[in-house]
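Sequences and hints are given; from them, build the entire structure.
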Amino acid sequence: MRHSDQASPELAAVEVHGHTRASFMVRGALAAGAVMGAGAVGPLLTRAFAATASSDIDILNFALTLEYLETDFYTNKAKTVGLTGAAKQLAAMIAGQEAQHVAALTSAIKAAGGTPVKLPTFVFPVTNQKSFLKLAYVLENTGVGAYNGAGPSLKNPAYLAAAGSIVQIEARHAASIALLTGQKVTPDGGFDIPLTKAKVLAAAGPLIKS
Amino acid sequence: MTESTTTTDGRPVEGVVQELARDDVGRKKFLKMAGKTMGAGAAATSLAAFIAACGGSSSSSSSASATSSAAVVTGTPASDSSGDLAIVNYALTLEYLESQFYAKVVRSGLFHGATLSLLKSFGEEENEHVMALKGVAKSLGTPAAVPVGKFPLTSAAAVTKLAGAVENLGASAYLGQAPKIKSKEILAAALAIHTIEARHAATFNTLLKLSPTPDGAFAKPMSMAQVLAVVKPFIA
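If you read the sequences in order, they're chains A and B.
When we follow numbering that gives the first Met the number 0, the leftmost residue of the first sequence carries the number 0, and every step to the right adds one.
When we follow numbering that gives the first Met the number 0, the leftmost residue of the second sequence carries the number 0, and every step to the right adds one.
Source of the hints: derived by calculation from the structure; they are not laboratory data.
Hints should not be assumed to be uniformly reliable.
[Said to hold, decoys possible] Calculated pairs, DSS-like style, for lysine-lysine (alpha carbon to alpha carbon, straight line, at most 25 angstroms):
no., chain 1, residue 1, chain 2, residue 2
1, A, Lys-183, B, Lys-149
2, B, Lys-160, B, Lys-208
3, B, Lys-160, B, Lys-137
4, B, Lys-160, B, Lys-231
5, A, Lys-117, A, Lys-183
6, A, Lys-78, A, Lys-129
7, B, Lys-119, A, Lys-183
8, A, Lys-133, A, Lys-87
9, A, Lys-183, B, Lys-160
10, A, Lys-129, B, Lys-208
11, B, Lys-208, A, Lys-87
12, A, Lys-76, A, Lys-133
13, A, Lys-76, A, Lys-183
14, A, Lys-133, B, Lys-208
15, A, Lys-109, B, Lys-160
16, B, Lys-103, A, Lys-183
17, B, Lys-219, B, Lys-208
18, B, Lys-103, B, Lys-160
19, A, Lys-198, A, Lys-208
20, A, Lys-133, A, Lys-198
21, B, Lys-208, B, Lys-103
22, A, Lys-78, A, Lys-208
Here you go:
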């Protein structure tokens with residue numbers, strides 16, 4: 000595949016720093032300094048963000064890769080698996096929306112003067128409707144965590160607005176699949192836990208063949 | 000924090016307090032993340048810029064990109080945090096109303112079984128939002144007063160419809176404010192809540208046989224004024 004050298008290195012280069020449980024704890028410790036005044040914590044926090052800063056274009060390309068993955072999954076894998084009934088209908092609706100996310104992110108990256116990452120080749124270890132929906136649930140929840148993790152790193156508020164508009168849809172997809180399969184609508188409870196780049200790659204990386 | 004787990008008539012919401020006490024990990028984790036006021040953030044945006052970023056128009060994306068975080072860092076912290084306090088208190092008010100709504104619905108006797116369990120867990124999650132946002136508001140200044148909500152609970156069908164409207168409104172409200180939040184910590188918190196509202200909204204839409212994504216592929220934000228106009232009839 001001619002894109003073999005592009006997808007994974009692109010992902011590897013992207014730093015989408017999120018707020019994992021561990022980082023919450025670190026920040027909790029930092030918060031103790033907050034009572035001493037802004038000066039006590041400000042530099043630490045600034046450094047924490049700056050240390051993992053990445054460009055908006057990098058983040059948008061990271062998101063584009065995930066949207067490519069979802070689009071391929073719901074469009075092509077859904078066909079080879081042979082979904083039926085409500086699952087087929089839902090997958091078709093989601094496929095169309097993920098494709099729109101791909102288009103929006105591609106044009107946003109171009110408008111920002113960046114180069115959209117090329118379409119990778121994906122491999123999905125699903126063989127039937129049940130395993131398809133199981134992975135769909137994981138993918139949508141991963142998408143929610145990825146956008147929520149990357150959101151605070153975006154410098155351009157217009158991109159944050161766009162990312163917010165997209166992540167709300169990912170969350171709605173996740174809930175729809177949860178209801179269809181009897182899984183938890185809110186797997187993290189009251190707050191959707193943001194994911195780091197590493198966590199996202201752990202979930203999505205194995206699905207990127209080249 | 001007991002006031003946030005009381006209903007409009009001051010009685011404790013049975014079950015919710017116990018559930019919060021049992022499952023306070025998420026709330027504590029969130030408070031650690033959100034209970035701070037520091038952090039440079041993104042500047043306010045406009046719907047026009049958002050549309051441009053989505054590829055609908057390119058007229059304003061370049062001007063929007065000029066407002067980098069560097070510009071915010073040089074701004075006055077006081078104005079940053081007062082803007083964030085207003086947003087947090089706005090969100091807190093909405094969460095109070097949602098929390099009160101679920102508490103009444105759960106006690107109404109209109110729901111049973113799996114649906115009742117779902118409503119209880121959603122109500123519990125709104126309560127977690129209340130407690131977290133109140134903590135953030137306290138760290139910034141004075142938290143909003145507890146509103147007195149009034150909700151018509153006539154039938155299970157009507158309540159489900161109202162719940163769907165409330166949650167879709169909540170999701171739009173958070174989406175409208177996210178780009179205006181200055182503190183990255185508070186932004187991260189708002190995003191973590193935003194998608195919960197979206198999950199709730201999609202659930203009710205599904206129960207109502209409506210599309211889980213009524214706006215299509217891109218959720219639409221609502222301004223504070225738009226949201227408050229819709230909410231007003233539900234505040235006594």
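A quick look at each hint next to the structure:
1. With a CA separation close to 30 angstroms, the supplied pair A/Lys-183 and B/Lys-149 exceeds the 25 angstroms bound.
2. At most 25 angstroms may separate the alpha-carbon atoms for a hinted pair to count; B/Lys-160 and B/Lys-208 meet this at roughly 11 angstroms.
3. Of the pairs offered as hints, the one joining B/Lys-160 and B/Lys-137 is violated, with about 34 angstroms between alpha carbons and a cut-off of 25 angstroms exceeded.
4. Distance hint between B/Lys-160 and B/Lys-231 is fulfilled; the C-alpha atoms sit about 18 angstroms from each other, no more than 25 angstroms.
5. A threshold of 25 angstroms between alpha carbons decides the hint, and for A/Lys-117 with A/Lys-183 the separation of about 34 angstroms lies outside it, so the pair is violated.
6. With a C-alpha separation of about 14 angstroms, the suggested pair A/Lys-78 and A/Lys-129 falls inside the 25 angstroms cut-off, and the hint holds.
7. A distance of roughly 14 angstroms separates the Cα atoms of B/Lys-119 and A/Lys-183; the hinted pair therefore holds under the 25 angstroms criterion.
8. Distance hint between A/Lys-133 and A/Lys-87 is fulfilled; the C-alpha atoms sit about 14 angstroms from each other, no more than 25 angstroms.
9. A threshold of 25 angstroms between alpha carbons decides the hint, and for A/Lys-183 with B/Lys-160 the separation of about 21 angstroms falls inside it, so the pair holds.
10. Restraint check for A/Lys-129 and B/Lys-208: the C-alpha separation of about 23 angstroms stays at or below 25 angstroms, so the hint holds.
11. This hinted pair checks out: B/Lys-208 and A/Lys-87 have alpha carbons roughly 16 angstroms apart, not beyond 25 angstroms.
12. Using a Cα cut-off of 25 angstroms, the hinted pair A/Lys-76 and A/Lys-133 holds, with the two alpha carbons roughly 13 angstroms apart.
13. Of the supplied pair hints, the one linking A/Lys-76 and A/Lys-183 holds, its CA atoms being roughly 24 angstroms apart against a limit of 25 angstroms.
14. Of the pairs offered as hints, the one joining A/Lys-133 and B/Lys-208 holds, with about 23 angstroms between alpha carbons and a cut-off of 25 angstroms not exceeded.
15. With a CA separation close to 41 angstroms, the supplied pair A/Lys-109 and B/Lys-160 exceeds the 25 angstroms bound.
16. Our distance criterion of 25 angstroms between C-alpha atoms is met by B/Lys-103 and A/Lys-183, whose separation comes to about 23 angstroms.
17. Of the pairs offered as hints, the one joining B/Lys-219 and B/Lys-208 holds, with about 20 angstroms between alpha carbons and a cut-off of 25 angstroms not exceeded.
18. Of the supplied pair hints, the one linking B/Lys-103 and B/Lys-160 holds, its CA atoms being roughly 15 angstroms apart against a limit of 25 angstroms.
19. A C-alpha spacing of about 18 angstroms is found between A/Lys-198 and A/Lys-208, which places the hinted pair at or below 25 angstroms, so the restraint holds.
20. For the hint linking A/Lys-133 to A/Lys-198, the alpha-carbon distance of about 18 angstroms falls within 25 angstroms, and the restraint holds.
21. Between B/Lys-208 and B/Lys-103 the alpha-carbon distance is near 24 angstroms, which keeps this suggested pair within the 25 angstroms criterion.
22. Restraint check: the Cα-Cα separation between A/Lys-78 and A/Lys-208 comes to about 19 angstroms, which is no more than 25 angstroms; the hinted pair holds.
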